[in-house]
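**Student:** Knowing the structure of chain A, use the given hints to seat chain E on it.
Residue strings, one per chain:
There are 2 protein chains.
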Amino acid sequence: MNQSCLFCRIVRGEIPTPLIYEDEICIAFNDINPQAPVHALIIPRDHITSLAHARPQDGATLGQLMLVAARIAEDKGIAASGYRTVINTGADGGQSVFHLHVHVLGGRAFGWGPG
Amino acid sequence: MNQSCLFCRIVRGEIPTPLIYEDEICIAFNDINPQAPVHALIIPRDHITSLAHARPQDGATLGQLMLVAARIAEDKGIAASGYRTVINTGADGGQSVFHLHVHVLGGRAFGWGPG
Numbered sequence: 001m002n003q004s005c006l007f008c009r010i011v012r013g014e015i016p017t018p019l020i021y022e023d024e025i026c027i028a029f030n031d032i033n034p035q036a037p038v039h040a041l042i043i044p045r046d047h048i049t050s051l052a053h054a055r056p057q058d059g060a061t062l063g064q065l066m067l068v069a070a071r072i073a074e075d076k077g078i079a080a081s082g083y084r085t086v087i088n089t090g091a092d093g094g095q096s097v098f099h100l101h102v103h104v105l106g107g108r109a110f111g112w113g114p115g
Numbered sequence: 116m117n118q119s120c121l122f123c124r125i126v127r128g129e130i131p132t133p134l135i136y137e138d139e140i141c142i143a144f145n146d147i148n149p150q151a152p153v154h155a156l157i158i159p160r161d162h163i164t165s166l167a168h169a170r171p172q173d174g175a176t177l178g179q180l181m182l183v184a185a186r187i188a189e190d191k192g193i194a195a196s197g198y199r200t201v202i203n204t205g206a207d208g209g210q211s212v213f214h215l216h217v218h219v220l221g222g223r224a225f226g227w228g229p230g
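In order, the protein sequence lines correspond to chains A and E. Under my numbering, the first sequence has 101 at position 101, and the numbering climbs by one with no breaks. Under my numbering, the second sequence has 217 at position 102, and the numbering climbs by one with no breaks.
Because the hints were derived from the structure by calculation, they are not lab data. What you are looking at is a predicted structure, and each value in this text was computed from that prediction instead of being measured. Check before you lean on any hint, since a few could be wrong.
[As the list claims (entries may be wrong)] Label pairs and their in silico Cβ distance ranges:
no., chain 1, residue 1, chain 2, residue 2, range
1, A, 107, E, 139, 32 to 40 Å
2, A, 97, E, 145, 26 to 34 Å
3, E, 117, A, 60, 25 to 33 Å
4, E, 195, A, 111, 24 to 32 Å
5, A, 91, E, 190, 16 to 24 Å
6, A, 24, E, 132, 37 to 45 Å
7, E, 124, A, 49, 34 to 42 Å
8, E, 119, A, 15, 43 to 51 Å
9, A, 49, E, 224, 35 to 43 Å
10, A, 13, E, 131, 52 to 60 Å
11, A, 14, E, 195, 28 to 36 Å
[As the list claims (entries may be wrong)] Here are some, though not all, of the chain A residues that point toward chain E, as calculated from beta-carbon distances under 10 Å:
no., residue
12, 3
13, 4
14, 13
[As the list claims (entries may be wrong)] Just so you have them, the derived chain A footprint on chain E, three or more residues with Cβ under 8 Å:
no., segment
15, 126-132
16, 163-169
17, 184-190
18, 213-226
Glycine included, every Cβ here is placed at the ideal spot set by N, Cα and C.
Extracted from the complex, chain A is given alone in its bound form (with noise of 0.2 Å):
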């Protein structure tokens, strides 16, 4: 845990979010940014700074938030129209809080390439 991250704080509950899904891995809500129809955000509990910052051992982590972003994607209703998952990492990547996330976005069609 990170005392002044911003999706840390989240987690711990101390700025009220709605959310979609959550596990003891992860937690996932909506973007207050949304970039289409369906943008929902997928953060794991532990504080993890970027894809890059990844250890061996946050294998299983990374894979629980691919599978909860496709588990989403069924809730939502985009399963079948099809979506983009997105991880940015740093400043070439556009990455703006640096807790990982996994953006899962749908609802429109997306060009190639990826912005």
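**Tutor:** Below, chain E alone, put in the same frame as chain A:
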């Protein structure tokens, strides 16, 4: 394994492709249509059609794909500058090969939203 799947054929060595990483779970190679100076694809050796087709028991594989993404970013020299990792699922996501793959892109700054 899927007989006609392009990426299964690369896994089997039927389409000669320089690999930039391989282990028991996955292989990685450069995208033939790069969207950034660094653009690699990481694919599981086993055929998983898309993230929407991943089963709970595929969690370890998904985690390994993401850890390998971070490792490739290190190898390619973009870990410090930053990078974006993307999985496209289905039509809206822009998935073009129906064998799960993680895009790792870097060497330039990415805008937001993600396509």
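**Student:** Checking each numbered hint in turn, tell me which of them this model violates, lowest number first.
**Tutor:** As far as the earlier hints go, 9, 12, 13, 14 and 15 are violated by this structure, in ascending order.
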